[in-house]
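Use these hints to put chain B onto chain A, whose structure you have.
Going down the list, the sequences are from chains A and B.
Under our numbering, the residues of the first sequence are numbered 123 to 545, in order.
Under our numbering, the residues of the second sequence are numbered 123 to 545, in order.
For the record, the hints were derived by calculation from the structure and aren't laboratory data.
Note that this is a predicted model, so its numbers are computed, not measured.
The C-beta atom is built at its ideal place from N, Cα and C for all residues, glycine as well.
Hints are supplied without guarantee of correctness; some may be wrong.
Partial chain B-side listing against chain A, Cβ under 8 Å, derived [as the list claims (entries may be wrong)]:
1) Y138
2) F218
3) N225
4) L227
5) H230
6) A310
7) P340
8) F500
9) D502
10) G503
11) A510
12) R522
13) S539
Protein chains: 2
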Amino acid sequence: MTDLNRIGQHARTAAYHLAALSRQQKDDALNAMADALSEQQETILQANHADMEAARAAGTSDALLDRMVLTPKRLDAIAADTRKVAQLDDPVGEIFDVAELPNGLRVHKRRTPLGVVGVIYEARPNVTVDIAALCLKSGNAVILRGGSDIRQSCAAITSAIGTALGRTGLPTTAVQSITDPNRDLVRAMLQLDTYIDMIIPRGGAGLHRFCIENSTIPVITGGIGVCHIYVDPTANIERAIPIIMNAKTQRPSVCNALDTLLVHHDLAPLLLPTAGAALSAAGVELRADPEALALLSKTPGADAWKLVSAGPDDFGTEFMALVLSIRVVDGLEQAIEHINAHSQGHSDAILTTDRSAADAFVQAIDSSAVFVNTSTRFNDGGQFGLGAEVAISTQKLHARGPMGLKELTTYKWVCESDWLARP
Amino acid sequence: MTDLNRIGQHARTAAYHLAALSRQQKDDALNAMADALSEQQETILQANHADMEAARAAGTSDALLDRMVLTPKRLDAIAADTRKVAQLDDPVGEIFDVAELPNGLRVHKRRTPLGVVGVIYEARPNVTVDIAALCLKSGNAVILRGGSDIRQSCAAITSAIGTALGRTGLPTTAVQSITDPNRDLVRAMLQLDTYIDMIIPRGGAGLHRFCIENSTIPVITGGIGVCHIYVDPTANIERAIPIIMNAKTQRPSVCNALDTLLVHHDLAPLLLPTAGAALSAAGVELRADPEALALLSKTPGADAWKLVSAGPDDFGTEFMALVLSIRVVDGLEQAIEHINAHSQGHSDAILTTDRSAADAFVQAIDSSAVFVNTSTRFNDGGQFGLGAEVAISTQKLHARGPMGLKELTTYKWVCESDWLARP
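Chain A on its own, in the form it takes in the complex:
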């Protein structure tokens, strides 16, 4: 059986090494990783092919198979992304909060890597490279545990990464994958608090909950969003429709996609028929509360829509599909109450032309990102200018919303007295 303690010790030792590297050394290793992924493409594709065969034989769904598959084109894109990470600024070593205190102490904070990051993910082999690259750039060692259905792909990718690390003089144990399919290892990994500083789960709600309940290591939770748009009576309808359409239909299977539309009752008779037609034309099933249902069902053409009465579970549900729940509310306060009761604190938006309504909404909504006249889909590290994204956090400690390289770091206090120069 895999010796997790040994893996942990190796990672910790590698982490000390990585923390002292210059930016150039890390960037060289990242570019070498991209090279090695290209050189070993055939081996990686063969390993992925073996994973796919086994998954097909086990009756895996087409959707899951599509997530698992690697192609030369996908591998090229992954290698190119690794080179992009090399171009990002290195957060490590940043000095901030510099102060000379009344007691004569000189104090500053210095940004340092976290140490060892543990990542548990599902059937996406590309996560292996994504996360390894971001951890390396931020000076962290990483222990990866991909889904057992992609274990051969993960092993091959990790081997290519190891080649690159070795070539550039870095410890090959900076990036380790646990490919033993024994599921007990996940639970044991979550208890390895002597060696791992942070756990990032990348997957569905079940995986997040499993990590929260079993980990003695801090877990970054996220990835689950019940996202709302509230349309205020002053909203510009022509501009509201494309935002709603973008939020719901651009990529319905992701966490920042829209789940519930709240409309002020003064605007509902104007907005809902147009919105309903546009959404229905895009194949969206509408689950409406009584007032919304009455307005929608009398719209010409509504007979052909997927329009049903909303049940209580339709509010507060992340649909991950072309389904939208709709409720008519009597004002801003009711909208805020609804969202704070049903949101998972991911992404919520107001559409309005009234500055005071926008301010009140932003103040009251307790979510990782609050949007004004903007689609919830913009809660994304790339869109917010982070350059890269490790995860979207919906918890409140450490980091909230999109996490980039800086969120893979911590700091230490450095404190000096004033007599260093006077021997």
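Just chain B now, kept in the frame of chain A:
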């Protein structure tokens, strides 16, 4: 039995209310708290007296009884501290990382309260007020669980706080104490992740470990320090001795007190006799490795010292007492290796006049605070200019080292498109 879910719901509701308060409203409540503590002093002292009687009857140690006892003077000091918290800056509402992105989005981060903080502490009734004041100032609701031996004191103090909250129009459920002695409630509180955003344990290593192992809520761990001072061969001995003395003897029972002295072998024959004499005069027991023992034992007067051979457990132990382990090392590298192997990442120091040795030490030591020519005792929110301290974190997520008001907050992203002004 205490209904924890109800307490959690009340705290969450109070938290929404607190998040919207102005600084003035919070400061008024804090000053009212100080008033109420003075007005209800007699009731609080009576409750404390009852706790003390019960503890004495149960054979509680004098040291613990001293922690538990409240006196008019101590209560006055607690009330005065509450007024000081009112004078600190309010971190909530700060806007930072403002950016206009190439995609046209205007993004900023806005500092917000965490929400609901859960604090589990031992037999120190003053923590009830300290933490309540800091949570209130930072806009957080708090659920307090003091040790069962101070439950009557906690109940009386919480009641006085409730009076103040009511008088100033704040929800009295902003500060709640669980005074039911049933110990299962602690475990249940640690699983109340629907309502509590952060757990702060205030107590010994056992309490911290219990929280880490049983909590589904993020836990701020800390309070445990195995602190080192390494004396480099270039150190100024005259200046080194008072720093070592301060670190070891000023308050030996706290987490930032010195546990292990590492001395370079070139300096050891000069430093150790003087240091040994000074430490012994202050009643410190010295547990020395063979080389240090040889040097110390031949010092004139050493016969009268508490000087013993160090066992393997004497390195990596937090003594919390007038005991110091001493090791002679052959250089900076060995000192760093020793510290990173034995430290708990709390506070470690180098004494040197060599800038490059200081830089190498600061770079390599992975602790919450790294000191140059400064006593480890300075790892403290007050000394570092935070104004107040909730805890000293030795974990790496969210906050490291002393945590003040800002560390009781999180942020939300606020993202706007540019058409708000154009209806």
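Query raised in the report: Does P340 of chain B meet its interface restraint, that is, does its C-beta lie within less than 8 Å of any C-beta in chain A?
Result: holds (5 Å)
Report task. May I ask you to test the interface hint for N225 of chain B with respect to chain A, counting a Cβ-Cβ separation under 8 Å as satisfied? Result -> holds (6 Å)
Query - A310 of chain B as chain A interface residue, shortest Cβ-Cβ below 8 Å - result: violated (14 Å)
Query raised in the report: Taking the least C-beta to C-beta distance, is D502 of chain B closer than 8 Å to chain A?
Result: Since the shortest Cβ distance to chain A is 10 Å, the answer is violated.
Query raised in the report: Do the numbers back the hint for F500 of chain B, that is, is its least Cβ distance to chain A under 8 Å?
Result: holds (6 Å)
Query raised in the report: Once the shortest beta carbon distance from R522 of chain B to chain A is found, is it less than 8 Å?
Result: Constraint on R522 of chain B satisfied, holds at 5 Å.
Query raised in the report: Would the hint on L227 of chain B stand, with a C-beta cut-off of 8 Å toward chain A?
Result: holds (6 Å)
Query raised in the report: Can we keep the A510 of chain B interface hint, with Cβ of chain A closer than 8 Å?
Result: violated (15 Å)
Query raised in the report: Taking 8 Å as the limit, does the beta-carbon of Y138 of chain B come near enough to a beta-carbon in chain A?
Result: holds (7 Å)
Report task. May I ask you to test the interface hint for S539 of chain B with respect to chain A, counting a Cβ-Cβ separation under 8 Å as satisfied? Result -> Holds: closest Cβ of chain A sits about 5 Å from S539 of chain B, inside 8 Å.
Report task. So, H230 of chain B near chain A? Judge it on the closest CB pair being under 8 Å. Result -> violated (10 Å)
Query raised in the report: Minimum Cβ distance from G503 of chain B to chain A below 8 Å?
Result: With a closest approach of 11 Å, the G503 of chain B hint is violated.
Violation of the numbered hints given earlier is confined to hints 2, 5, 6, 9, 10, 11; the remaining hints are satisfied by the structure.
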